[in-house]
Structure formats: C-alpha cells, structure tokens
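With the hints as extra help, turn the sequences into a complete structure.
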Amino acid sequence: MIPLSMSSRDLDTWWSNIFSPTTNIIFVAGLVTTLIWFIKATTSKYTKSSDVLGARLLWWGIFWGYLLLSFIAFAGLNYFANNSNKPIKGIFEASLWSAPFLLLDVILLFWLPTASSTPKTLRYIPPFSMSLRKLIGD
Amino acid sequence: MRKIYVIGIGGSGAKCVEASIFLHCLGVYGEAQLGVFLVDADSSNGNSQRTQINLNNSIECYENFKQVRESDFMSAGFKNYGVWNPLADVVHETNLQDIFNKPALNVNSPALRKLFDALYSPQEQQAKLDVGFRGRPPIGSIIMSRTNLDDLKNIQGALWQKLLTDIETDKGNGEEVIIHLFGSVFGGTGASGIPTLATLLSNYFQDKGLRSGFHLNASVLLPYFGFEKPQDAEQTIFAETKFFALNTQAALQYLTENANGVFDTVYLVGNEAKENYRSFTGGAQQQNNAHFVELYAAMAIKNGLEQPIGQTQVAYISRTNKDGLDWEDLPESQYMKSKLAKGVRFAYAWLFNFSLELDSAKQIGAKKFATGAPWFLRFFDLKNPDWESHARAKEVLDKWTRGFLIWAQQISGSFGQGEQLFRLKSLGNIQANQQNNYREDLSELINDGLIQSAAERRNDCLDNFKNQLTDQKMQLSQPTGLVGLAHNIFYII
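Chains A and B supply the protein sequences, listed in that same order.
For the first sequence, counting from 1, position 133 maps to 133 in the numbering used here; every step adds exactly one.
For the second sequence, counting from 1, position 39 maps to 39 in the numbering used here; every step adds exactly one.
Where hints are given, some of them may not hold.
[Unchecked claim] Calculated cross-link-like contacts (lysine to any residue; reagent style SDA-like; alpha-carbon spacing at most 20 Å):
(1) Lys134(A) with Thr470(B)
(2) Lys48(A) with Ile364(B)
(3) Lys171(B) with Val262(B)
(4) Lys86(A) with Leu11(A)
(5) Lys367(B) with Gly137(A)
(6) Lys367(B) with Ser338(B)
(7) Lys102(B) with Asn154(B)
(8) Lys120(A) with Arg457(B)
[To be verified] Here are the in silico distance ranges between beta carbons for each label pair:
(9) Asn436(B) with Leu57(A): 21 to 27 Å
(10) Gly365(B) with Ile107(A): 24 to 30 Å
(11) Asp448(B) with Ser44(A): 26 to 32 Å
(12) Ser44(A) with Ser426(B): 21 to 27 Å
Quick caveat, the hints were computed from the structure, so don't treat them as lab data.
A virtual CB, placed ideally from N, CA and C, is assigned to each residue, including glycine.
And the structure:
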C-alpha cells in the first residue's frame, strides 16, 4: 500500500484524469514501437555482423523515443490537471510515487517482448536478450 | 569401400584429374577413395602443378573436415601417388638422339639408325624434352613404349610400385576397383600415353589373373582448344593446332585397332568450338583455364562404374544447343546440378561471407560478434572460442573454396562470351578480391534459366541461411566448432 496523503476523492480524480490516460498512452505507444521493431527485424536482411550491430542504435532510439513520449504524456497530463480550475491536491506526491511504475511499464512493454522474442538476425540486439533467451530455454 | 584410381596423362589429363578431385570433394562418386597418379614428362608443367596444388589442398581439407560422416562434403578420402616422369630414368639425356644413343646405333645397328632417321626429323631428334613431348605423339610414343611395369614395380618406393601394390591389395580385399585414364589424343603426352599405359596395365593385371575384376576406362579428349605458335622462345618443335586433327585421327585409329580388350569403356569428349589458349611450350607458364570438356571427362568416372566389365564400348555425349551449355546437357543432369550448384553456393558463402565473419569475430571478440551473428552461438563457445585450434581448418577451407571457385569460374567462362552453368564473372579475380568483399545474394549464382519470383530471389540469401543455422536442430552428428559450421552450411545451402 502506498502511503499517500491524498484524499480518496482526489486519488480517484488523479487516477481517472492522469494515471489511467497515461498508462493507456504508454500501452498504445508500447504496442506501436514494439510492432515497428518486429517489422524491422522480420523484413531486414543483413550481410555481416557489424551491420547487425548497427541496429543497436535503432533499438535504443526507439526505446528513448518511447520513454520520452511516455514522459511527455505523463508530464503534460499532470501540468494541465494542475493548472485547471480544480487542481488535484497532492498531485505531485502521487505522480512521484507512480513514476517508477510507469517507467517499469515502459520497460516491460518494449524491452521484455523485444528481448525475449525478436525474430531472425536482430534477436540479440536488445540489451540482455542473449541471457534472457538462454534463461527461457531458447 | 570403392577405390577409384585416376591417372592423368599430360597437361589436359591433369586438368581432368583436377575436375575429378573437385567432384570427389562434393561427394559425386559416393563413398570411395580417390587415388591420383599423374604422368607428365614436363615436371614443371603449370597444369600439372595446379592440379597438384588443388589435390594437396583437398587432402588437407579432407583431413580437417572428414569427421562428419553424414555430410557429402569431404566424405571420402584421397591418396596422392605423385607425378611420374617417363623421362626420369634418362634425366641426363635431353633429346631423342641422346636417349637412344644414336652414335652407338650408327655402329651397332645401321638399319635401326636409318629407321630412326626415317621416323624422326633432325629437329625432332634434337628437340630438348625437358618441356615434355612438344605436342608430338611420335616422340611420346617412342618414350612411353620403353615403359615396363614389371621393372617399374621393382623399384623400391617408386610411384608405380605403390600404385600397383595398392590395386592388387584392394582386389585381394574384394574392393570394387576402377582405373580411369585421362588424356588428350591431339597432343603429345596423352596421345602416346593413354593407349600405351592402358595396354601395359591391362596386360600386367591379365598376367596376375586380376584383370576381369575391375574397370579400366578412359576419358579421351578430342580437340577442344587451340593456340598459335609459342611466343615464349624460339621453338622449332612445338604443339601446333594444325596437327590436332591428324594426331586425333591417328590416335583413334590406333585405339580402334589395338584397344579392343584393353579398355572396358572409352569416353570420347571434345568441343567443336575451340577455346583459344595462350601458347607456351611446357613449363610453369603452360597453365590453361579449366574447360567444361574436362568436367565431362571427370563425370565419366561415375558412369563408368555402372558399365559392364569386359565389353569394350565407346560412349559419346553431345549438347542440345551448339551455342551454349545447359545443365540438361550434363549426364545425370539433376544429380550433377544438385552437387555442383551446392558446391559453388557453399564455396561462395564460405569465402565471401563466413570466412570474413570469423576474421571479424576474432578481431572484435566473440561475445560482441555473436550479438550480431546469432548462428555463431550454435557452434562456438563464447568464453573460449578456441581460435587457435580452428585457425588451421579455416585456412585450409579458405584455400580449398578459393581453388574450387576459381575452377568453377573458369568452367563457366570456357564457352564463348557468355557464362555457362554458373554466374561467377562478377567475382572478378577471386585470388585477389576476397578481402572485405562481402557477398550475400545467392540467387544469381546458378545459371539454370529458372525464373524465380521476386520473393524467392529475395529469400535466397545468406541472412536466411544463417537464421536457419541458428534455429534448426542440427541434423549432423558433430555440429560444433568450425568443422561443424562448414558441414552444416554445406548441408542446408
């Protein structure tokens, strides 16, 4: 249980106006970015290992883009909620508590599927994918 | 196990042996040992030397890659008997006059001396024979006819002793034995050597009571190349294209009249359109490109195994289109296509991709490399890739694939301006162009006239095969290390 000083009414408001939309955005963005990565992995052909290693830049690019988008969505919703006619009391505290979980959400939605299931030549490009796949018996 | 003994006589014979070595490496002759014996009066002949190099590379490759029994690649071994020089016993005499001691003939047998003068012009009598028989069958015949196998067999450690003893032992052990001779009948060494040596071998084994138990076949090459007067020296006696038809006619007449009962099957192979080679009278510079006629000659070994023993017969083969050569023109075309195409695709994949990738792996470290090359994990231990123990096998396979691709490239370019069977012209100088010349696409390598869809062409690439290597459960018994990698590539490609 998170020890918040918010009233349950504010918490409900924060949940429905900020947290829930943010997680929805993160989920959809996660689906889209993961799909982009899988399409890239499925359709690309590579002649040599050094070319494949170049795809690490793309993976990190997508990851940071996704993270940035998630942060902007979260920060934006917080900003507009805080500057509305009825600001939510304790919004900063709630957001601070929820931020690590949203970050974890981002990681689980993009890193986990790409690290465990990227097909073909790019399969070991996501960080720690070699160890993870070995762990799950690939 | 089947034992195949190939005897390459002269430069063209050596080139046919070269083709048979490559076919054997690809498993065309099945589970058999290939014994290689070359006959050449010109010990420095470029064709014989190239064959020796490719034979030694193949033997080394076999020694390194023979462990995987389920694979056709390097599935059976070789035995190198070396090069026999019919002039080896008269090294100090350099021409016919000296060899037959003409001054002594003047005194002891004037009639024989007159016959000698009648058969050989003064130029022929004085021509130095350290470069071979100079495309003159009469010179070769008189030298070859001095050969006595019983005498040669008694020379301890000599090539003939090893060869004849091995054949006798194999027959004694109940092995299936085939002796296949190669040589042209329009030059000097082959034209004189094929009938003479075949008769000697046949008689030798007849006397031992062993003749009925093995095949004695020959691929006889009819004219398929030509050249102008040699420019490497001031020669008076040399091979001339204008004599080829006459030499051929005389050799075929001799074979018709004297070969009955000697050979089991004789394959006559030639080509109407003559490839023009640069001309040198013997020596290392006499190194001509491989020709598809030699490929046909080498394929005859397989056909010869299925023919009856003791019924002299002659086989011909022809192309369907005189302007080109198609896979359909080859005997057992589907089988040969599958073997040769696989060999070319494998050599190409190895030399222009996997070999370069392994160099890169060594350079940047196994773990980092494997991140971009998942197939690497299937064959090598990331913590201890053991580069040292793989280094020799890699070097040997690099040499073999390079030699094989050069040969295949020459075969593909041996007819007119276009490319036959394979498309390898774009590789340019294979000897020089490997470094950092990565290749990926396999769809254009085989010239089979099949129209592939765009998707099929796109998928016929090494990236796909690398993923197959990574994903599939290996079907070969020893799938680790460089040896396992090479065999698995050969298996799936």
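Here's how the hints hold up against the structure:
Between the alpha carbons of Lys134(A) and Thr470(B) the distance comes to roughly 13 Å, so the proposed pair stays at or under 20 Å and holds. The straight-line distance between the Cα atoms of Lys48(A) and Ile364(B) is roughly 13 Å, inside the 20 Å bound, and the hint therefore holds. Distance hint between Lys171(B) and Val262(B) is fulfilled; the C-alpha atoms sit about 18 Å from each other, no more than 20 Å. Taking the CA atoms of Lys86(A) and Leu11(A), the gap is near 14 Å; set against the 20 Å cutoff, the hint holds.
Between Lys367(B) and Gly137(A) the alpha-carbon distance is near 19 Å, which keeps this suggested pair within the 20 Å criterion. With a CA separation close to 36 Å, the supplied pair Lys367(B) and Ser338(B) exceeds the 20 Å bound. Taken as a hint, the Lys102(B) and Asn154(B) pair is broken in the structure, with Cα atoms around 28 Å apart against an allowance of 20 Å. The suggested pairing of Lys120(A) with Arg457(B) holds, with an alpha-carbon distance near 18 Å, which does not exceed 20 Å.
Between Asn436(B) and Leu57(A) the C-beta distance comes to about 22 Å, which sits within the given range of 21 to 27 Å. At roughly 27 Å, the beta-carbon separation of Gly365(B) and Ile107(A) lies within the given 24 to 30 Å, and the hint holds. Checking the proposed 26 to 32 Å range against Asp448(B) and Ser44(A) shows it holds: the Cβ atoms sit about 28 Å from each other. Between Ser44(A) and Ser426(B) the beta carbon distance is about 24 Å. The supplied range of 21 to 27 Å therefore holds.
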